[in-house]
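Whenever a hint applies, use it, and build me the whole structure from the sequences.
Protein chains: 2
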Amino acid sequence: MPSNIQPEIFIQMVLLNWEMQNERLNSLLDKLTDEQLASATAQNRNTGTYLLGHLVAINDAIMPLLGFDDKLYPGLYETFVNKPDNSGIEFPPVSELKIYWKNVTERLRQHFANMPVEEWFTRHMSVSEQDFAKEPHRNKLNIIINRTNHQSYHMGQLAYLANK
Amino acid sequence: MPSNIQPEIFIQMVLLNWEMQNERLNSLLDKLTDEQLASATAQNRNTGTYLLGHLVAINDAIMPLLGFDDKLYPGLYETFVNKPDNSGIEFPPVSELKIYWKNVTERLRQHFANMPVEEWFTRHMSVSEQDFAKEPHRNKLNIIINRTNHQSYHMGQLAYLANK
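Residue numbers (the working numbering), protein chains in the order written: chain A, 3 to 166; chain B, 3 to 166.
Hints are supplied without guarantee of correctness; some may be wrong.
Said to hold, decoys possible - Pairs of lysine-lysine residues, derived as DSS-like cross-links and limited to a Cα-Cα distance of at most 27 Å, are as follows: (1) A:K166 x B:K166; (2) B:K85 x B:K73; (3) A:K33 x A:K104; (4) A:K104 x A:K166; (5) A:K85 x B:K85; (6) A:K136 x A:K33; (7) B:K136 x B:K33; (8) B:K104 x A:K33; (9) A:K166 x A:K136; (10) A:K100 x A:K33; (11) A:K166 x B:K85; (12) A:K85 x B:K33.
Claimed, not checked - If you anchor each label on the Cβ, the simulated ranges turn out as follows: (13) B:Q14 x A:S29: 29 to 35 Å; (14) A:Q132 x B:P95: 36 to 42 Å; (15) B:N28 x A:K33: 29 to 35 Å; (16) B:P86 x A:Q132: 48 to 54 Å.
Said to hold, decoys possible - Which residues of chain A face chain B? A partial, calculated answer using Cβ under 7 Å: (17) F12; (18) P138; (19) N144; (20) S154; (21) M157; (22) G158; (23) Y162; (24) N165.
No lab work stands behind these hints: they were computed from the structure.
Predicted model only: the values in this text are computed from it and were never measured.
Idealized CB from N, CA, C, for every residue including glycine.
Right under this line is the structure:
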């Protein structure tokens, strides 16, 4: 196979797009005050705080899904994924959520960097061996493509908090 | 190389995520009235009509960038990319924009289906041969990963038009 068609390159494509989304969220977080982040992204829509917690919880869940480790913050899933904003469950302070975000991002980066190439193309933990045999695209790297899109989706909404 | 690490599988991963975003936008368009689509996605933010035109224009620009063809609707780029919403330039009717959206999506689908595997891993038209030699991830398939994220970003905003 020619050198430009190598799995290493494909992994790099996916991870660079993932990193780009993380950088965009980091720049936005640097710009917003905690008060801005706590406000609604649009009338009657999720707050920035909820969406930040949601992204931390969803990205943290990549850890067990890719077989790396347990979640760093398992308690967040109930508050920020299973439950909607304004569920009545108290949120961690914004300053804490920002630390969780940095920790999850950094921990994933380390795991990604240590992942052997061929491991990226094995099944993730929510697809069975039988299904994977029929649908070999449902691998670990595909999770990252999917979660990058998930983050972009909410990033479009979080962007509405800036320059109001 | 094992059968689960083949360039055909990378391409499928990227295109399935691309198709998923298109399906999401199609479902949303089916649900919204033209009046809903013409309203602002949030206070003082882009209208749905502008964002639809923007996505058509950006996706149409994939055509020359991947060396397929000229744009189907070159005039849209000025209105929906170079200029902001409310620039004073008259928009095509929503019914027309929806047809453009379907045509661009379908035309790209045909080109993608006919693209030889190795061609996906060659440079796109806005990277020079010299730069591509140093950064071989800047290939045609990478454009699709990037544009899928672009569409997800605006999809997060368009979703605010539903169930207001």
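Inset, instruction - Against the earlier hints, flag every one the structure doesn't satisfy and list their numbers going up. - result: 5, 6, 7, 8, 9, 14 and 24
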